[in-house]
Amino acid sequence: MSMQTLYEIAGSDKGWAAQRAAMVIAITEQLQAGNISNDEARELMLDLVRMDQLDAEADDIELKTALVQAVFVVSKMV
Amino acid sequence: MKKLFLLFTFTLLSGCANVMSYVPSFWDDNQSSKIIDVRLDITRLDCSQSQLPQVSKIRNDLEWFRLYSDSKGLRQTDVLNLIKPMQDTVEDWYKRVALGTQKENSVYCELKKKILIEQSARASKAVLGRF
Numbered sequence: 001m002s003m004q005t006l007y008e009i010a011g012s013d014k015g016w017a018a019q020r021a022a023m024v025i026a027i028t029e030q031l032q033a034g035n036i037s038n039d040e041a042r043e044l045m046l047d048l049v050r051m052d053q054l055d056a057e058a059d060d061i062e063l064k065t066a067l068v069q070a071v072f073v074v075s076k077m078v
Numbered sequence: 001m002k003k004l005f006l007l008f009t010f011t012l013l014s015g016c017a018n019v020m021s022y023v024p025s026f027w028d029d030n031q032s033s034k035i036i037d038v039r040l041d042i043t044r045l046d047c048s049q050s051q052l053p054q055v056s057k058i059r060n061d062l063e064w065f066r067l068y069s070d071s072k073g074l075r076q077t078d079v080l081n082l083i084k085p086m087q088d089t090v091e092d093w094y095k096r097v098a099l100g101t102q103k104e105n106s107v108y109c110e111l112k113k114k115i116l117i118e119q120s121a122r123a124s125k126a127v128l129g130r131f
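Protein chains in written order, with our numbering: chain A, 1 to 78; chain B, 1 to 131.
Mixed in with the good hints there might be a few duds.
Cross-link-like lysine-lysine pairs, in silico, BS3-like; alpha carbons within 30 Å at most [claimed, not checked]:
| # | chain 1 | residue 1 | chain 2 | residue 2 |
| --- | --- | --- | --- | --- |
| 1 | B | 125 | B | 103 |
| 2 | A | 14 | B | 114 |
| 3 | B | 84 | B | 34 |
| 4 | B | 103 | A | 64 |
| 5 | B | 125 | B | 57 |
| 6 | B | 114 | A | 64 |
| 7 | A | 14 | B | 113 |
| 8 | B | 125 | B | 113 |
| 9 | B | 95 | B | 125 |
| 10 | A | 14 | B | 57 |
| 11 | A | 76 | B | 72 |
| 12 | B | 34 | B | 125 |
| 13 | B | 84 | A | 64 |
| 14 | A | 64 | B | 72 |
| 15 | B | 114 | B | 34 |
| 16 | B | 114 | B | 103 |
| 17 | B | 84 | B | 125 |
| 18 | A | 64 | A | 14 |
| 19 | B | 103 | B | 57 |
| 20 | B | 34 | B | 95 |
| 21 | B | 125 | B | 72 |
| 22 | B | 72 | B | 57 |
| 23 | A | 76 | A | 64 |
| 24 | B | 72 | B | 103 |
| 25 | B | 34 | B | 113 |
| 26 | B | 125 | B | 114 |
| 27 | B | 125 | A | 76 |
| 28 | B | 34 | B | 72 |
| 29 | B | 34 | B | 57 |
| 30 | B | 125 | A | 64 |
| 31 | B | 72 | B | 84 |
| 32 | B | 84 | A | 14 |
| 33 | B | 84 | B | 57 |
Read the hints as simulated data drawn from the structure, not as lab findings.
Build out the structure end to end from the sequences listed, making use of the hints.
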């Protein structure tokens, strides 16, 4: 993926994807400016991957909660 | 007849186990309070100040959450999985500043803070949104 694609995603209205792209750009720019080391940049990129894992876990909890609530409401109606 | 009863019990229990995998952990006052403590620690993080005590505070609060959830027992796997990525993010930072081999980097700190703000906001929403 080129930097141009990242800039396009960051400028889009794609919510989380735009946020992630903006973070990748920020990390890359700081690396190129010499403000962070290669090792620090690698770790920050890994944190972005971890963010996706956390998102997936949060979505899972929210979906299960919605399911339990729906079952609870239906059981009251029966 | 005995075999039939055993088969029925096995089917019933495996069915329950399957259903239980769809049931999330439920609301807990202590978990809700602690996840907001973590969010507050991160929001108040000041990268112009010494990073070690601030990162240690976040690390300790997350460890408290993990130990409490773990001690609570069954059906806490979802919240434990939820905070694991955040713990890993903080642990890398803690190791870096605790070693003290290089000067604390405020730019790295600001980027790390941005990531943790997003992670903690998402985790808090999930923990506080439970039934």
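Hints and how they fare:
no., hint, verdict
1, B:125 <-> B:103, "violated, 35 Å"
2, A:14 <-> B:114, "holds, 19 Å"
3, B:84 <-> B:34, "holds, 15 Å"
4, B:103 <-> A:64, "violated, 45 Å"
5, B:125 <-> B:57, "holds, 21 Å"
6, B:114 <-> A:64, "holds, 28 Å"
7, A:14 <-> B:113, "holds, 22 Å"
8, B:125 <-> B:113, "holds, 18 Å"
9, B:95 <-> B:125, "holds, 28 Å"
10, A:14 <-> B:57, "violated, 34 Å"
11, A:76 <-> B:72, "holds, 29 Å"
12, B:34 <-> B:125, "holds, 13 Å"
13, B:84 <-> A:64, "holds, 19 Å"
14, A:64 <-> B:72, "holds, 20 Å"
15, B:114 <-> B:34, "holds, 20 Å"
16, B:114 <-> B:103, "holds, 20 Å"
17, B:84 <-> B:125, "holds, 16 Å"
18, A:64 <-> A:14, "holds, 25 Å"
19, B:103 <-> B:57, "holds, 20 Å"
20, B:34 <-> B:95, "holds, 23 Å"
21, B:125 <-> B:72, "holds, 21 Å"
22, B:72 <-> B:57, "holds, 22 Å"
23, A:76 <-> A:64, "holds, 18 Å"
24, B:72 <-> B:103, "violated, 40 Å"
25, B:34 <-> B:113, "holds, 18 Å"
26, B:125 <-> B:114, "holds, 17 Å"
27, B:125 <-> A:76, "holds, 27 Å"
28, B:34 <-> B:72, "holds, 15 Å"
29, B:34 <-> B:57, "holds, 12 Å"
30, B:125 <-> A:64, "holds, 14 Å"
31, B:72 <-> B:84, "holds, 17 Å"
32, B:84 <-> A:14, "holds, 26 Å"
33, B:84 <-> B:57, "holds, 16 Å"
Consistency with the previously given hints fails for numbers 1, 4, 10 and 24, ordered from lowest to highest.
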